[in-house]
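Using the sequences and the hints given, assemble the complete structure.
As they're listed, the protein sequences go chains W and U.
Under the working numbering, the letters of the first sequence match residues 1 to 469, in that order.
Under the working numbering, the letters of the second sequence match residues 1 to 469, in that order.
Possibly wrong hints are sitting among the right ones.
[Claimed, not checked] Straight-line Cα separation of at most 30 Å, DSS-like style, residue types lysine-lysine; simulated pairs:
#1 Lys-62(U) x Lys-55(W)
#2 Lys-37(W) x Lys-104(U)
#3 Lys-63(W) x Lys-82(U)
#4 Lys-63(W) x Lys-278(U)
#5 Lys-278(U) x Lys-27(W)
#6 Lys-148(W) x Lys-82(U)
#7 Lys-63(U) x Lys-27(W)
#8 Lys-63(W) x Lys-302(U)
#9 Lys-104(W) x Lys-104(U)
#10 Lys-315(U) x Lys-302(W)
#11 Lys-315(W) x Lys-62(U)
#12 Lys-216(W) x Lys-63(W)
#13 Lys-315(U) x Lys-55(W)
#14 Lys-241(W) x Lys-241(U)
#15 Lys-148(W) x Lys-104(U)
#16 Lys-63(U) x Lys-55(W)
#17 Lys-302(U) x Lys-135(W)
#18 Lys-62(W) x Lys-63(U)
#19 Lys-37(U) x Lys-84(W)
Note that these hints are calculated values from the structure, not bench results.
2 protein chains.
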Amino acid sequence: MAKDKKVEQITDMEVDFAQWYTDVCKKAELIDYSSIKGMFIYRPYGYAIWENIQKMMDAEFKKTGAENVYMPMLIPESLLQKEKDHVEGFAPECAWVTMGGNEKLEERYCIRPTSETLFCEHFRNVIQSHRDLPKMYNQWCSVLRWEKTTRPFLRGREFLWQEGHTLHATEQEARYADFCENILAMPVTRGQKTEKEKFNGAEATYTIECMMHDRKALQAGTSHYFGDGFARAFDITFTSKDNQREYPHQTSWGVSTRLIGGIIMTHGDNNGLVLPPKIAPVQIVVIPVAQHKEGVLEAAQKLADRLSAAGYRVKMDTSDNSMGWKCAEYEMKGVPLRVEIGPKDMEQNQCCMVRRDNREKTFVSLNDLEAAAAEQLQAVHDGLYQRALKNLQEHTYVAHSLEEAKQIQEEKGGFVKTMWCGEEACELKMKEVAGMSSRCIPFAQEDLGDTCPICGKPAKKMIYWGVAY
Amino acid sequence: MAKDKKVEQITDMEVDFAQWYTDVCKKAELIDYSSIKGMFIYRPYGYAIWENIQKMMDAEFKKTGAENVYMPMLIPESLLQKEKDHVEGFAPECAWVTMGGNEKLEERYCIRPTSETLFCEHFRNVIQSHRDLPKMYNQWCSVLRWEKTTRPFLRGREFLWQEGHTLHATEQEARYADFCENILAMPVTRGQKTEKEKFNGAEATYTIECMMHDRKALQAGTSHYFGDGFARAFDITFTSKDNQREYPHQTSWGVSTRLIGGIIMTHGDNNGLVLPPKIAPVQIVVIPVAQHKEGVLEAAQKLADRLSAAGYRVKMDTSDNSMGWKCAEYEMKGVPLRVEIGPKDMEQNQCCMVRRDNREKTFVSLNDLEAAAAEQLQAVHDGLYQRALKNLQEHTYVAHSLEEAKQIQEEKGGFVKTMWCGEEACELKMKEVAGMSSRCIPFAQEDLGDTCPICGKPAKKMIYWGVAY
Chain W
1 MAKDKKVEQI TDMEVDFAQW YTDVCKKAEL IDYSSIKGMF IYRPYGYAIW
51 ENIQKMMDAE FKKTGAENVY MPMLIPESLL QKEKDHVEGF APECAWVTMG
101 GNEKLEERYC IRPTSETLFC EHFRNVIQSH RDLPKMYNQW CSVLRWEKTT
151 RPFLRGREFL WQEGHTLHAT EQEARYADFC ENILAMPVTR GQKTEKEKFN
201 GAEATYTIEC MMHDRKALQA GTSHYFGDGF ARAFDITFTS KDNQREYPHQ
251 TSWGVSTRLI GGIIMTHGDN NGLVLPPKIA PVQIVVIPVA QHKEGVLEAA
301 QKLADRLSAA GYRVKMDTSD NSMGWKCAEY EMKGVPLRVE IGPKDMEQNQ
351 CCMVRRDNRE KTFVSLNDLE AAAAEQLQAV HDGLYQRALK NLQEHTYVAH
401 SLEEAKQIQE EKGGFVKTMW CGEEACELKM KEVAGMSSRC IPFAQEDLGD
451 TCPICGKPAK KMIYWGVAY
Chain U
1 MAKDKKVEQI TDMEVDFAQW YTDVCKKAEL IDYSSIKGMF IYRPYGYAIW
51 ENIQKMMDAE FKKTGAENVY MPMLIPESLL QKEKDHVEGF APECAWVTMG
101 GNEKLEERYC IRPTSETLFC EHFRNVIQSH RDLPKMYNQW CSVLRWEKTT
151 RPFLRGREFL WQEGHTLHAT EQEARYADFC ENILAMPVTR GQKTEKEKFN
201 GAEATYTIEC MMHDRKALQA GTSHYFGDGF ARAFDITFTS KDNQREYPHQ
251 TSWGVSTRLI GGIIMTHGDN NGLVLPPKIA PVQIVVIPVA QHKEGVLEAA
301 QKLADRLSAA GYRVKMDTSD NSMGWKCAEY EMKGVPLRVE IGPKDMEQNQ
351 CCMVRRDNRE KTFVSLNDLE AAAAEQLQAV HDGLYQRALK NLQEHTYVAH
401 SLEEAKQIQE EKGGFVKTMW CGEEACELKM KEVAGMSSRC IPFAQEDLGD
451 TCPICGKPAK KMIYWGVAY
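Here it is as structure tokens:
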């Protein structure tokens, strides 16, 4: 098939990965730029992906008993300051409101960069007894962080996210991993962040790390265990069954529109976006072939109606653009399955299904339409997952010395796993010499030796290193 | 049934309507106050009402072809200034961001009070040809307006809403009216706002006005027709079929969490909240009677399971609180239907259903459980609507002189309809003398006479006056 002009405008990822990424975001009409740096416009096609992610995650959260709430978007500076580590981390990247109408405010307010402090203030008001626990709250909202370097989805001054806040320890990160693997077809590495990389104010931060096409790491979601640090700072207490005043233990967790950046860089190719079927705004595009011929439009419409009735998100394109244009357009937009039907197909009571991930064509009897669509979409999902898993496995290397780690990073990219003594000095050294930060201390530990390859002291943990977005 | 202490804390509405309202918002756990005036915390029970409203409205919007998008929350001052009337109206109530991190911004940004300017800037980028029209966009977000007087749901410095922005004239207000009547059981008066009361920058504003228990008016939703005013200010043009450059016509419309305030004040009573079944977070509460007796809990659970399976939002309360406490609690929370089952009911294969709106009890055979629940919930909806309609009709009066209007307002409240010359001077006079603002010029006009009762000049329209929230 002749390549279309529109698609040729996408830079090949091997030539310039960053430009390929920007091209896909723009040409597939996911985002537009606004007049403020780092504040992106989510266009209908991009926002619909987020809506699908939201819908599925929200249902999962509610199943576990989490309840949605909405907190104010502004935080008084004095409230942000209540937890010392937290404010030190976030204050430098807050946007500050100093005027309300024509009047200067007595105290400045920041637009939430995250809402731990607001949740804590509220928890203090509503929690008295052990009968009020656990509290499992979630909020869908946008947050602001005044970043210097920004990129669509990956790093914005404003981004959309959910933030869960609970008053008992849970294993939320496990659920994220399931979500990424089962819904987004993204394989993940699960583990704990180092002291250096953990969230401001947390006792421990857990993360799921994914590998992109260019072999860089993307932190796709995090959860934090706060112990009772925030509870003490905000004086949140409850009366236990033994009638004692106690401080509850606290967690928070969140994933954001960053996930969409991860989907693009995990599954996309040189023809554009490739979307996992479960979150694709359009799962199946129906294209009539030789649509001016008698009966073709009707047959295509019937087919589209049947697929819609079976619960799929379906679009039919009967515009007068050429067949080549249409194929290229929906490939670029990452629609997982294309279904074509023309006069010859009608004669044989069949249609042609083309998978987006590998362009494989299958002719399907119209009698089996719905079952075949289900099968093909599952095949696309599995194909995407397997390809991403292969990328992750093939580009995860073991290193036994700092030099070796550096060489792997320079020549191959990907994750480098080593043993580690646990000292921040060695993290700084790795960053300085090999340009990699610690990604996580995986839950699935391996024994690669006895000593830290950076300082030579006894090793405590196996750790993953990488260059991250 | 003995009244419960918790419920007795709600002030009677006849004693102090404003206090009754605040009591209901707090005791039914709809909202909490934050440390910033006018920025409310939407607690799980209050937020769930909004989620239900959202879900139903969103489905309606999508049916008409509207697409959801997300625009940045900040607007550069220079962008807000592009449409003169618009900025004059909104600038005095904007919250301004002047610092990003530790740096003073070169230009200050306001947090969106509404997003016309952002949509226009984006429309200019994405619209070239008549083939790009119509554009029907919608956004769910929160907006800020730095109000001096604030009340939960009714007037907040931050509130949640949807804002639709389209590039062709539509009759959205008609859809709102349907939504309020069919889903929220709130009868409305539809019409056009006067020049004085219209939206900043609009050519015409349409409104739906509801009457509250205290006979004050609540503007429940508005839509605006902009003509091509914004398009000219923002230089949005398209190439017509005749290959001419033209300015598109524009509308916007929105409803907000204010609706929840309207629901409370339309349907609530001295026992607390009364929720229309379609948006109630819990539609049916199941309460076992004498639950320590053998088999009661199992029977209640089976009943709750059947109702859940039939698609209702069901809660069962097996706590050790007294029967009286439970009845009062769920009355206060406005749960539309209470279902009780105890040993005597079990013997007779029945349960007892109690409607929230009029406390009517019905004994129902368990064989007919699902059908009876559907019938009772519909009866609650209809009952609420009829009661609200009666309130609206009984408290809408005709006046033929300014004095008469004043007297009606002082003695009875409600809507006063008169003829009107069309002059703003007469609106100001009515406000000064009778304390009422114009609510709308109803689409359903009536001929009440030839002259304006305020100035005596020839009348042009029939108009509604009222005291508004």
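field: Given hint Lys-27(W) paired with Lys-278(U) - CA-CA distance at most 30 Å
entry: violated (41 Å)
query: Does Lys-63(W) pair with Lys-302(U) here, judged by a C-alpha cut-off of 30 Å?
result: holds (20 Å)
message: Check the hint pairing Lys-37(U) with Lys-84(W) against an upper bound of 30 Å on the C-alpha distance.
response: This hinted pair holds, its Cα atoms lying about 25 Å apart.
query: Is the straight-line distance between the alpha-carbon of Lys-315(W) and that of Lys-62(U) 30 Å or less?
result: Roughly 14 Å between the alpha carbons, so the hint for Lys-315(W) and Lys-62(U) holds.
- prompt: Within 30 Å, alpha carbon to alpha carbon, are Lys-315(U) and Lys-302(W)?
  reply: violated (43 Å)
- request: Mind checking the alpha carbons of Lys-104(W) and Lys-104(U) for me, to see if they're no more than 30 Å apart?
  value: holds (15 Å)
message: Next pair to validate is Lys-148(W) with Lys-82(U); report whether the Cα-Cα distance is within 30 Å.
response: holds (28 Å)
- prompt: Quick one, are Lys-148(W) and Lys-104(U) close enough, alpha carbons at most 30 Å?
  reply: Holds. Lys-148(W) to Lys-104(U) sits at ~14 Å (cutoff 30 Å).
message: What's the verdict on Lys-62(W) and Lys-63(U), does the C-alpha distance respect the 30 Å limit or exceed it?
response: holds (26 Å)
Restraint status (C-alpha distance of Lys-63(W) to Lys-278(U) at most 30 Å): Measuring from Cα to Cα gives roughly 21 Å; hence the hint holds.
- prompt: If you draw a straight line from the CA of Lys-62(U) to the CA of Lys-55(W), is it 30 Å or shorter?
  reply: holds (16 Å)
query: Keeping to a limit of 30 Å between CA atoms, is the pair of Lys-37(W) and Lys-104(U) held or broken?
result: The hint holds at about 15 Å.
Checked against the numbered hints given earlier, the structure breaks hints 3, 5, 10, 12 and 14 and satisfies all the rest.
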